[in-house]
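Engineer: Protein chains in written order, with numbering that gives the first Met the number 0: chain A, 0 to 384; chain B, 0 to 304; chain C, 0 to 392.
Read the hints as simulated data drawn from the structure, not as lab findings. Keep in mind that the hints are not guaranteed to be accurate.
Unchecked claim - Straight-line C-alpha distance at most 30 angstroms; calculated DSBU-like pairs for lysine-lysine: (1) Lys391(C) - Lys99(C); (2) Lys170(C) - Lys343(C); (3) Lys344(A) - Lys35(C); (4) Lys344(A) - Lys97(B); (5) Lys374(C) - Lys387(C); (6) Lys304(C) - Lys199(C); (7) Lys343(C) - Lys374(C); (8) Lys367(C) - Lys162(C); (9) Lys391(C) - Lys344(A); (10) Lys304(C) - Lys344(A); (11) Lys343(C) - Lys327(C); (12) Lys391(C) - Lys367(C).
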Amino acid sequence: MNRVAVFFSGLPGCILPALLLLAWSSFFLTAEDQISVFLSLISLAACVIVAVRMRWGNVLRDSIAAHERLWDACLIAIMLALLVLFREDHYSLFLLGTIMAYATAVMGLNVQLGYAGVLNFSCASFFGVGGYTAAMLMAGTGLPPLLTLPLGGAIAALTGCVLLLPVLRTSGHYAALVTMAFALLFRVFLDVSEWFGGPQGIPVAPLTIAGLDFSRGISWGDTEFSFYLKYDLLLLLVLCLAYSLTRRLERSWIGLALDAVRSDEVASACFGINIQRWKITAFTLGNFLSGLAGALYAMMLAYISPANFTFADSLLFLSILLLGGIGNIQGVLVATVLVVIIPEKFQVIQEYRYLIYSALVLLMIVFRPVGLLPRKPRVYTGNPA
Amino acid sequence: MDLLLQYCINGLMLGMMYALVAVGFTLFFGVLDVIVFSHGDTVMIGSFAGLATYWWLHAFYPALALGWVALLVLMAAAVTVAFLGVIVADTMIVPLRKGPALNTLLATMMLGTVLRESIRLFFPDGSNPQTFPALLPGWSWSSGNLTLRFDNLVLFCGGVLIIFLIHMIINRTRLGMAIRAVAQDEEAARIMGVNYRFVVLATFALGSVVAAFAGVMNGLYYSEINFGVGLLLGAIGFSSAVIGGLGNIYGAILGGFIFALLQTLGAVAVPFASAYKDVFAFGAVIVLMAWRPTGLIAELSSQRV
Amino acid sequence: MNPSIFRKSLLVCCFALFLAFSGAGLQPAEAKTTVKVGYIGPLTGGNSSIGLGARNAAELAIMERNKNPGGEYAFELVSLDDECKPNIGVQSATKMAADKSIFGAVTHYCSAVALGTVDVYHRFGLPVIIYGAVHPDITYAHNYPEVLRIIGTLINQNQVASKFMLSQGYKRFAVIHDTTDYGKSHKEFFTKYITEGGAKVLAEFGVTADQQDFTVELTKIKSLNPEVIWFAGLYPQGVRIRAQMEKLGINAQFQGVSGLKSDAFITGIGPELAEGCLSFLEGSPLEKLPKGEEFMKAYTARDFKNAPDAMAPFSYVAMSQIMDAVEKVGPDRKKIAQTLRAIKGEDTLIGKVSYDDHGQNSEPYVSKYVVQDGKWLVWEDSEYASGKRNLKK
């Protein structure tokens, strides 16, 4: 097929649903009063139910699989369109930024848990290590701010090395305990250490790249752009990089090795796969991604405190992964959007939001333990799909 | 010297509370191979159930002797929590165990949040700390820096008694034999005619009763309860059970006392930074896990390939 | 290409758009003269009792204003939760400050939160009056024209507190503080003033906000045998520390800071153990105020679910001042901030209010409180001051 034909065959499967998604999400983000929030959620649910009833899900999925590039381009286009649409609305842009930062961090968790099967109950802590690294480096050193981003990731990965030995030696619930203990320890440590600002938290200096101050808005002619827009663009770039990295990783022989390690350690050791090496790689890479996302998120937030990086937040990251379907990074994107936005939009349930949120996740685990979009098993048909 | 003794007494009380929570974790792990993380919040529910019972008794039978009140509070807490434990096991834990272990862990963590938030929102004035009534006589004896209290002694002895009773139930009764059989090999136990569902639910009831006792003990010891104690208590109970070696009751008890020792040691030994004691305790747990990856008293297991 | 897929997709698209627009149509039209004003405070979590009381008071001020036929504007309250956590607070503040339809706000009980959010208000230019956070840096670390504070700083509070304690003849203090800036800066000023007065601080302990067991710290304190255990932090921990002091047989005077003065402290610990505990708080108690009884009557008449608690009068006055400013200069953030700054010597529910060049209310009055028979009483009215009862020595 030539390019034009590919484009047109992708039209019904990709572009129309993408347009639909754009229309819906722009409406949902602007919805202020509770009636329209409810209505938009109900309309989404209705669409999903109709789609499932008419068996369009499979059609959509096949179309996505066949036109992956196009679909990815559509997603990016949607995001850009939303950013332009909300150029003045600080709060919506902030939410979009949060979604992208969380999604990037969960990509890291996905490499650990989804591919290599390494349990990590302290994802938010590594996210926090990245954030605090950014804050300390920007305040205390003259390093170029752009360099603090990868450094945030690198230091998160280094911190993870402290846990390597116990993580490698333990498995199952014992491994869960090690990372859980780390998450609790990290929080208490930040709470009591004077150097890191204590429970109070510390301000994070805004990012500047080549004289471009990220904490100021842009005005272009008559239109004003929120300062969050710059962060959102950078976060979009980081998310795209993380996405394509994990995607490529999954499809490479490394992904195959990681899958083997996860499914059966003994068997894969018999085939000559070095289990320890791949576990270390996955754990470190995952922490790097979480730390990177955390550094950028901290800069966007401009103010971080230990309360951002608690054990409960690690659980939030895990439930995003579980909700989306462990191992499926497209699922991660969908789940992040739902988990971040819905509680924000339901101000009516203010006091009850934790209760309702945890009850929903609970029901989800009991009734659909595989998540919204479960990862498909690898298929070997000769066509790379 | 008396200072040291006082630290020991504090540590022992703390350790007893942790041990009782850890026993629940390890019992559930034994029969079902799952971690029920909401167990810490079950403890909290136990103390609130006790408090509600006390209010009720105080309103309708103000003349009742304190001893009877204490007994009724304990019984009511035990029954409520056992009921809760059985329902949770039957509707959630057993159906979930076919899936990956992570799902159960996450689901029970969410359940813990649900319990915690329910108390905060629906218990009268639940977001504020509540006074727990002194149901035991507050006789005390002091010498220098040392204060011995009668109620603490009763609580500690009660804890020992509970542990002894569990030991007897597990080792000397038919139910205990069934529990051990299911823990060892579920299928073989079923084939031998063990009523699997009954054993699982009985184990949950048993573990929850211990949690109720820990909850009431927590209330009596601190004279104050609040909705938030469950999360940290759960994390500490889980840590204790794991350091001891999951599935082993004596390991859990040992783990509980070790954790209390670590916390007390962290606060006493580093005088300039007592706030770092939890950092110290959890750090020590991580090191312990690196040294003994399956706990101090490891389960006997072989890997089938 | 498959035409049926195309048709189906189109159908769904139309369906969704229809739903979306039918939803949009339901948004109510706004009345012309409605002006939105904001409130941020801890509505959930451990400090919600104070935050809900203050929110209700702000709402009360608005209800009374709207009932009044005079005035050009109708006011509408937008209230957000900061959970007493800086990160959540910054988010809520950003949300409120970025909303251009909001023209002023009454904010924050917790100093940790306020310290983080003042920059946000400045960046977006939203005029706020802080009703309950007492850390000095909130107003004095910068000179933001938008940020005002109606409550006094903890410097005044600790001056009064240390003078009082010294006058009672106390010389040996043990200090417990939470590790937030609120606790730390209380500790800084209190220890400074009492050591200047010749008293001794025997030990200092930092504790975290969710610590449950204080027996180790208290055992150490017991061996030092202080006359006073001074706690800088909020009441949930105050309850635990006071209860565990009793368990360890420590017979020292228990003294707190403004964060202890909440009715929830007494219900949490019970009247017997609370008896004789001390606290210090900016402003006079309601019953002492000339219009206090009136306020209380109006508050109870509204059937709010929560008691007003300590900060309600401050929030009430702050909200009234913002509405006055809107009536005076119209909905314009800059002008409102200027008008508020210019307030000098205004007679209000809480006494005279004047803002200095940092937007700090410069006429603070600190009251001393003691628990007597399960109630917080002003020291001067208590049986402790008249000598009928004695503090612990």
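Engineer: Give a verdict on every hint.
Structural biologist: Hints versus structure:
1. Lys391(C) - Lys99(C): Roughly 54 angstroms between the alpha carbons, so the hint for Lys391(C) and Lys99(C) is violated.
2. Lys170(C) - Lys343(C): violated (40 angstroms)
3. Lys344(A) - Lys35(C): This hinted pair holds, its Cα atoms lying about 19 angstroms apart.
4. Lys344(A) - Lys97(B): violated (35 angstroms)
5. Lys374(C) - Lys387(C): holds (17 angstroms)
6. Lys304(C) - Lys199(C): violated (45 angstroms)
7. Lys343(C) - Lys374(C): violated (34 angstroms)
8. Lys367(C) - Lys162(C): holds (11 angstroms)
9. Lys391(C) - Lys344(A): violated (52 angstroms)
10. Lys304(C) - Lys344(A): holds (25 angstroms)
11. Lys343(C) - Lys327(C): At roughly 16 angstroms apart (the allowed maximum being 30 angstroms), Lys327(C) and Lys343(C) satisfy the hint.
12. Lys391(C) - Lys367(C): holds (17 angstroms)
Comparing the model with each numbered hint stated earlier shows that hints 1, 2, 4, 6, 7, 9 do not hold.
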